[in-house]
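Asker: The residues making up each chain are set out below.
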Amino acid sequence: MTQYAKITRDGLWDNNPGLVQLLGLCPLLAVTGTVVNGLGLGIATTLTLITSNVTVSLIRNVVPNEIRLPVFVLIIASFVTIIEMMLKAFYYDLYLALGIFIPLIVTNCSIIGRAEAFASKQPMDKAFMDGLMMGIGFTIALATLGGMRELLGYGTLFSQAELMFGQAWMTITVFDNYHSFLLAVLPPGAFFGLGLLIAFKNALKKS
Amino acid sequence: MRFKISTAPFIHQGNSVTKTMHQVIYALIPGIAMYVYFFGFAVIITIILACITALICEFFILWIRRKPILPFLTDCSALVTALLLAVAIPPFLPWWMTVIGISFGIIFAKHLYGGLGYNPFNPAVVGYVVLLISFPVEMTQWPALSTLGYNYAGILDSFSIIFYGHPTGGLPLDSFTGATVLDTMKTELGQFHTVNEIKAKPMFGFLGATGWEWINLTFLLGGCWLMYKRVITWHIPIAVLTGLFVIASLFFIIDSDIYPSPIFHIFSGAAIVGAFFIATDPVTAATSNQGRLIFGVGIGLLIYITRTWGGYPDGMAFAILLMNMSVPVIDYYTKPQVFGH
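Chains as they are written, first to last, in my numbering: chain C, 1 to 207; chain S, 1 to 341.
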């Protein structure tokens, strides 16, 4: 059980893929304009992590060491394609909002990183746990950054939430008559926001 | 190469960061006075607001960084940043935008990179660019001259515009503000008017814009005083203005109908303030004399390129930031040779 606790702690905090390993920065910086976009991409990445981790772990004794990386890439690419098709089928508007970054999950270093560093050496249950926790940690980083940028940029939270959760969800307008602050929405805002998040996390670690 | 040989005793010149910063502030005063004379109290309000914000931010961030507060606060570097930014932004800017620009410059551009002497980018310019790309509408609301038929903002109007967003008497804000000459030039050239047709408008003066050209001339005077006092060397300002002049002349000769004269380019917009006061920042500029010339010419060319083919009417801030980025490379290739090698 303590091993599970360690995997959980690693994924969510100590070794968070977004804030500590700094892997997958491209989607982290590009799609975090709003909370919903961040959550959407985070969940898609989590699903990919779980499925690829489990598969890699299951076939770890069959694959020859020399060709393991191409096999991992093949597995990850297949799952990403499946997820992309499912998004297209069930959440078409979200699929349009995330655009190229869904297929680009294939190139997210944290996924092949976990496959190589963890799943290819561990039994299936631990690999599943690792994929889940790393995915949730990444999703939290994406959603927090998205929230910061959306709040500063437009003064709202969860705008376009209906794309993901159905019509019952409404945009929360935090500030009325908010004067939009374009810097937070533009790409530099993502870099500044991520820098602030990492600084905040490091400050918590020190104290 | 011959060296001048001198013998002891040597007298210390008494230079320090504080003294240099004081001299920069003195050199800015005539230009600011002229600015106030033409456009009224809004300039003073913005400057005071900027200075107070800068001191508070500096105090706050020094306290967080556990640095000695008084020596850094009294070296006046934050005040110079505040003054330069306050001169660069439209004086009618809503107060909280001025506060955002200054705090971003001091906290992010200066102190997160290690404080005075370590910052790769000029804090005032970073603050300006943050405001320019975040609030494009407000950043173009420049005050217009009362002699051209616009309203003159008195004390109450200025306060009301800056703190509430509208003048007191129910007049629209548009009756106080107008487009700058660079803006007008860009828009009208886009509508296929010739330079001479555009320059016939009363807002165009003899050198640049009516009124503004006097402000720029006074800043030029302050800049020359700084060179005379050897606070800055001649290399950067002359290189900036020469770079701008040469490329502007070239295109002016090719077709004077669609490319305005080099004199117009030098005396309008931020060219003079930028060349003498902002680009010469010893922390963010190149350090060798040869490097300073390259740095300056680069800025001059980039100003012209942005003004003529870019999306913004003036390009001083972007030119300085881009050249600040190139400083490490320039310094690497212009390292003076060590004697004997």
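Incorrect hints may appear among the rest.
[As the list claims (entries may be wrong)] In silico DSSO-like cross-links for lysine-lysine, where the CA-CA straight-line distance does not exceed 30 Å:
no.	chain 1	residue 1	chain 2	residue 2
1	C	126	C	6
2	S	4	S	335
3	S	67	C	206
4	C	201	S	67
5	C	205	S	67
6	S	229	S	19
7	S	19	S	4
8	S	19	S	335
9	S	4	S	229
Derived from the structure by calculation, the hints contain no laboratory data.
Asker: Find the hints from earlier in the document that the structure breaks and name them by number, from lowest to highest.
Answerer: Violated hints: none; all satisfied.
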